[in-house]
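Asker: Here's the letter readout for the chains.
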Amino acid sequence: MSKFLDLDELTEEDKMLKEEVHRFATEVVRPASIELDRMDPEDRIKPDSPYFKVFKQMKKLGYHKINLPEEKGGLALTPLQRYMIFEELGWGSLGFATAIGVDQIPFVTAAVFGSEKLYEEAVIPWIEDDKGKYHGCWGVTEPEHGSDYLIAFREEPDLLRKFGKGNVIIEKDGDEWVISGQKSAWVSSAPVATHCGLHAQVKDAKFFADGAFCLVPLDIDGVKKGKPVDMLGMRDDPQGELFFDNVRIPDHYTIVAPGFFYGVFADQLLCLTSCGMGAFAVGLARACFEEALNYARQRVQGGVPIAKHKNIKLKLYEMFEKIETARYYVRKATEYTHRRVIELQTADASPRHARAAQIYAKKVAFEVAHEALQIFGAYGLSKEFIIEKLFRDARCMLIEDGTVEVLSLEAADDVISNYEKDYYDVEHITNLMDYFEG
Amino acid sequence: MAVVYPSKEWMEELYKKVNSDEEYKKVAANWEGDYLCVVELDEEALKDFQNPKVLKGFLEMLDSIPKERREKFKGTVNEGLLVALGLSVDTDISTVDVDELAKKISEMDPKVVLEAAKGASLNMWLDFWHGELRNVAVAAPGEHEDAKFKLIGPYSVFKQLVMGKADAITLVVSGKLKLQGDMGYMMRNMAAVRKFTELMSSIPIES
Ligand SMILES: Cc1cc2nc3c(=O)[nH]c(=O)nc-3n(C[C@H](O)[C@H](O)[C@H](O)COP(=O)(O)OP(=O)(O)OC[C@H]3O[C@@H](n4cnc5c(N)ncnc54)[C@H](O)[C@@H]3O)c2cc1C
Numbered sequence: 067m068s069k070f071l072d073l074d075e076l077t078e079e080d081k082m083l084k085e086e087v088h089r090f091a092t093e094v095v096r097p098a099s100i101e102l103d104r105m106d107p108e109d110r111i112k113p114d115s116p117y118f119k120v121f122k123q124m125k126k127l128g129y130h131k132i133n134l135p136e137e138k139g140g141l142a143l144t145p146l147q148r149y150m151i152f153e154e155l156g157w158g159s160l161g162f163a164t165a166i167g168v169d170q171i172p173f174v175t176a177a178v179f180g181s182e183k184l185y186e187e188a189v190i191p192w193i194e195d196d197k198g199k200y201h202g203c204w205g206v207t208e209p210e211h212g213s214d215y216l217i218a219f220r221e222e223p224d225l226l227r228k229f230g231k232g233n234v235i236i237e238k239d240g241d242e243w244v245i246s247g248q249k250s251a252w253v254s255s256a257p258v259a260t261h262c263g264l265h266a267q268v269k270d271a272k273f274f275a276d277g278a279f280c281l282v283p284l285d286i287d288g289v290k291k292g293k294p295v296d297m298l299g300m301r302d303d304p305q306g307e308l309f310f311d312n313v314r315i316p317d318h319y320t321i322v323a324p325g326f327f328y329g330v331f332a333d334q335l336l337c338l339t340s341c342g343m344g345a346f347a348v349g350l351a352r353a354c355f356e357e358a359l360n361y362a363r364q365r366v367q368g369g370v371p372i373a374k375h376k377n378i379k380l381k382l383y384e385m386f387e388k389i390e391t392a393r394y395y396v397r398k399a400t401e402y403t404h405r406r407v408i409e410l411q412t413a414d415a416s417p418r419h420a421r422a423a424q425i426y427a428k429k430v431a432f433e434v435a436h437e438a439l440q441i442f443g444a445y446g447l448s449k450e451f452i453i454e455k456l457f458r459d460a461r462c463m464l465i466e467d468g469t470v471e472v473l474s475l476e477a478a479d480d481v482i483s484n485y486e487k488d489y490y491d492v493e494h495i496t497n498l499m500d501y502f503e504g
Numbered sequence: 052m053a054v055v056y057p058s059k060e061w062m063e064e065l066y067k068k069v070n071s072d073e074e075y076k077k078v079a080a081n082w083e084g085d086y087l088c089v090v091e092l093d094e095e096a097l098k099d100f101q102n103p104k105v106l107k108g109f110l111e112m113l114d115s116i117p118k119e120r121r122e123k124f125k126g127t128v129n130e131g132l133l134v135a136l137g138l139s140v141d142t143d144i145s146t147v148d149v150d151e152l153a154k155k156i157s158e159m160d161p162k163v164v165l166e167a168a169k170g171a172s173l174n175m176w177l178d179f180w181h182g183e184l185r186n187v188a189v190a191a192p193g194e195h196e197d198a199k200f201k202l203i204g205p206y207s208v209f210k211q212l213v214m215g216k217a218d219a220i221t222l223v224v225s226g227k228l229k230l231q232g233d234m235g236y237m238m239r240n241m242a243a244v245r246k247f248t249e250l251m252s253s254i255p256i257e258s
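Protein chains in written order, with our numbering: chain D, 67 to 504; chain W, 52 to 258.
Treat the hints loosely; a few may be bogus.
Under the rule of at most 27 angstroms between Cα atoms (straight-line distance), these lysine-lysine pairs were calculated in the DSSO-like manner [stated by the list, open to error]: (1) Lys-183/D to Lys-199/W; (2) Lys-162/W to Lys-227/W; (3) Lys-238/D to Lys-228/D; (4) Lys-183/D to Lys-229/W; (5) Lys-201/W to Lys-238/D; (6) Lys-216/W to Lys-138/D; (7) Lys-162/W to Lys-77/W; (8) Lys-183/D to Lys-210/W; (9) Lys-199/W to Lys-138/D; (10) Lys-138/D to Lys-68/W; (11) Lys-238/D to Lys-68/W; (12) Lys-77/W to Lys-487/D; (13) Lys-238/D to Lys-77/W.
Hints listed in this document are in silico derivations from the structure and should not be mistaken for laboratory results.
All values derive from a computational prediction rather than experimental measurement.
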């Protein structure tokens with residue numbers, strides 16, 4: 067169902083775009099996602115896997131280019147249009163939405179913050195790719211550090227000392243950087259990726275988040291991939307570890323050098339991914355709601371369709387209310403964030419607002435999935451209906467891109483310190499720099 | 052009109068460009084603060100100085116510092132640069148035969164010059180105030196060290212910035228240029244910073 071009243075009163079162009087993506091999500095993405103969900107992890111990454119067929123089509127449609135600034139080869143979409151693409155893909159499959167989301171991270175950041183040389187070497191081939199030849203992923207979390215990476219810039223310095231060392235270390239050596247260590251098994255698309263946007267801690271770091279961000283081609287010496295993991299949900303996007311053994315990259319592949327701007331970069335990147343996750347979550351919630359609505363209109367119990375029962379009616383209304391409030395808040399946060407990060411490129415989006423979009427929409431997605439499954443009764447638990455998959459995916463969302471609890475704690479700090487400020491305050495970063503670097 | 056970089060003409064062009072830009076006036080309406088740009092001598096600078104036009108531009112910039120303030124070069128690494136080029140703080144720069152000096156530089160071993168003038172820089176001071184570039188001038192060693200922001204980097208990197216080959220944010224984020232100062236203030240005024248660097252890189256440079 068792509069038809070619903072849109073309070074943003076879409077233009078003809080918006081409507082056509084939404085229809086196109088929705089059709090693709092219905093006809094291509096969703097069937098493949100169901101197939102992948104039921105496959106063994108190893109089979110999901112074999113060359114004949116439906117994963118590659120869909121990924122290639124997403125590339126052909128240019129979905130990987132949606133967040134690129136226009137002057138860097140982007141599609142000149144509005145924030146609303148970008149949001150709509152993500153909501154529709156999230157409706158079709160959380161896995162594929164995540165896949166095309168993480169694909170963009172190394173390349174869009176290279177386009178915005180990287181050198182001309184890196185743009186020509188790595189970004190242009192990726193932009194021009196319509197066959198799924200290139201696939202990015204985002205390596206942040208590590209075996210010993212998951213939430214640590216999300217909260218590090220807002221933690222008290224004394225506590226930060228207890229975080230210990232990162233599991234991936236980067237060191238400058240002449241005109242190159244050398245990387246060693248391991249990223250967590252949860253890196254989305256890592257088993258099928260060709261490039262990673264990698265966060266690494268600098269050697270002899272003064273504090274945990276003393277790091278750099280670089281683009282690492284995954285076919286170079288010293289890179290190894292782990293086996294794809296077998297997860298409860300989001301099985302339509304393979305996840306796995308990345309190992310780095312003295313991997314050497316040229317200087318210009320380090321996009322963000324250690325220092326103050328690494329903090330700003332990490333903070334702002336999480337603003338962008340938060341808007342993306344928010345849109346995926348609304349799409350997933352809408353998928354659950356629409357399944358439940360259809361089912362409730364047809365399933366007869368007590369002599370009438372269950373939609374006539376007050377408890378089901380209330381559930382459906384509450385689901386609707388949650389999705390609607392989530393959608394328009396995420397859209398607003400996306401508009402603000404994209405203007406600052408993609409269009410003006412002033413890197414001053416509001417962390418608390420962007421995090422709220424992600425946190426709120428993720429909670430909504432899980433609550434809606436939970437209620438939707440309840441409406442299905444035992445049928446909801448069987449593989450006969452998609453709702454059990456959507457429920458598992460919604461459960462994963464509460465952890466993906468930061469647990470809702472840790473994201474909330476991180477956002478809370480921004481709320482408490484900066485609520486009255488109408489600008490992006492970086493005191494949390496400068497304080498850490500001053501404390502550790504003097 | 053294309054100008055040589057570095058040169059006094061380039062500084063004048065920058066002054067005109069910023070002060071005639073309506074958008075800059077608007078986005079920087081609240082900006083208060085000066086920059087000290089520390090342009091460090093490197094191999095590329097020595098290569099460019101083999102071009103008499105560029106060398107002339109550089110020497111004229113030095114010459115724009117009045118004699119009494121030029122005394123400040125004495126005993127600093129920047130004096131080392133003058134000495135390495137066969138000049139001194141007291142040289143009357145207007146009388147230097149630029150073609151001959153450029154030729155001499157082309158015969159020098161850049162490694163030896165860079166060793167003798169290790170840490171030498173050309174410092175430029177830019178004073179911005181409420182949407183206006185109030186002043187752009189060459190600074191003698193030790194001058195304007197208390198500027199609100201200090202931007203430090205090799206000549207080759209500044210050149211990329213001036214020629215529009217890379218933008219300031221990219222260069223700072225990647226660590227090629229070092230930025231010191233009130234970063235909170237900077238982040239609150241990114242639109243002004245972006246606009247200024249955009250204007251700077253739009254000045255056509257004579258190659
Ligand atoms: C579907 C999915 C996709 C993912 N994709 C990627 C990816 O593409 N790239 C990538 O790098 N990572 C990815 N991740 C990893 C994800 O970001 C982490 O799983 C997440 O940040 C939590 O880290 P963790 O799993 O190590 O849990 P932990 O950090 O160990 O947390 C365990 C529990 O403790 C709580 N907790 C932890 N620290 C604190 C604290 N300081 N204060 C209060 N409570 C705390 C958490 O809320 C959680 O309940 C993905 C994860 C999932 C599930």
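Asker: Does Lys-138/D sit within 27 angstroms of Lys-199/W, going by the straight-line distance between their CA atoms?
Answerer: Measuring from Cα to Cα gives roughly 32 angstroms; hence the hint is violated.
Asker: Check the hint pairing Lys-138/D with Lys-68/W against an upper bound of 27 angstroms on the C-alpha distance.
Answerer: The hint holds at about 25 angstroms.
Asker: Holds or violated: are the alpha carbons of Lys-201/W and Lys-238/D at most 27 angstroms from each other?
Answerer: holds (24 angstroms)
Asker: Would you check the hint for Lys-238/D and Lys-68/W, treating anything up to 27 angstroms between C-alpha atoms as holding?
Answerer: Outside the cut-off at roughly 39 angstroms; violated.
Asker: Are the Cα positions of Lys-183/D and Lys-229/W separated by 27 angstroms at most?
Answerer: Answer holds: Lys-183/D to Lys-229/W is near 20 angstroms, not above 27 angstroms.
Asker: If you draw a straight line from the CA of Lys-162/W to the CA of Lys-77/W, is it 27 angstroms or shorter?
Answerer: violated (46 angstroms)
Asker: Straight-line Cα separation of Lys-238/D and Lys-228/D no greater than 27 angstroms?
Answerer: holds (25 angstroms)
Asker: Compare the distance between the alpha carbons of Lys-162/W and Lys-227/W with 27 angstroms, and conclude whether the hinted pair is satisfied.
Answerer: holds (21 angstroms)
Asker: Within 27 angstroms, alpha carbon to alpha carbon, are Lys-77/W and Lys-487/D?
Answerer: Measuring from Cα to Cα gives roughly 21 angstroms; hence the hint holds.
Asker: Holds or violated: are the alpha carbons of Lys-183/D and Lys-210/W at most 27 angstroms from each other?
Answerer: Holds, at about 16 angstroms.
Asker: Just to be careful, I want the Cα atoms of Lys-238/D and Lys-77/W compared with a cutoff of 27 angstroms; is the pair within it?
Answerer: With Cα atoms ~41 angstroms apart, Lys-238/D and Lys-77/W exceed 27 angstroms; violated.
Asker: Would the pair Lys-216/W and Lys-138/D pass a check requiring their Cα atoms to be no farther apart than 27 angstroms?
Answerer: With Cα atoms ~14 angstroms apart, Lys-216/W and Lys-138/D stay inside 27 angstroms; holds.
Checked against the numbered hints given earlier, the structure breaks hints 1, 7, 9, 11 and 13 and satisfies all the rest.
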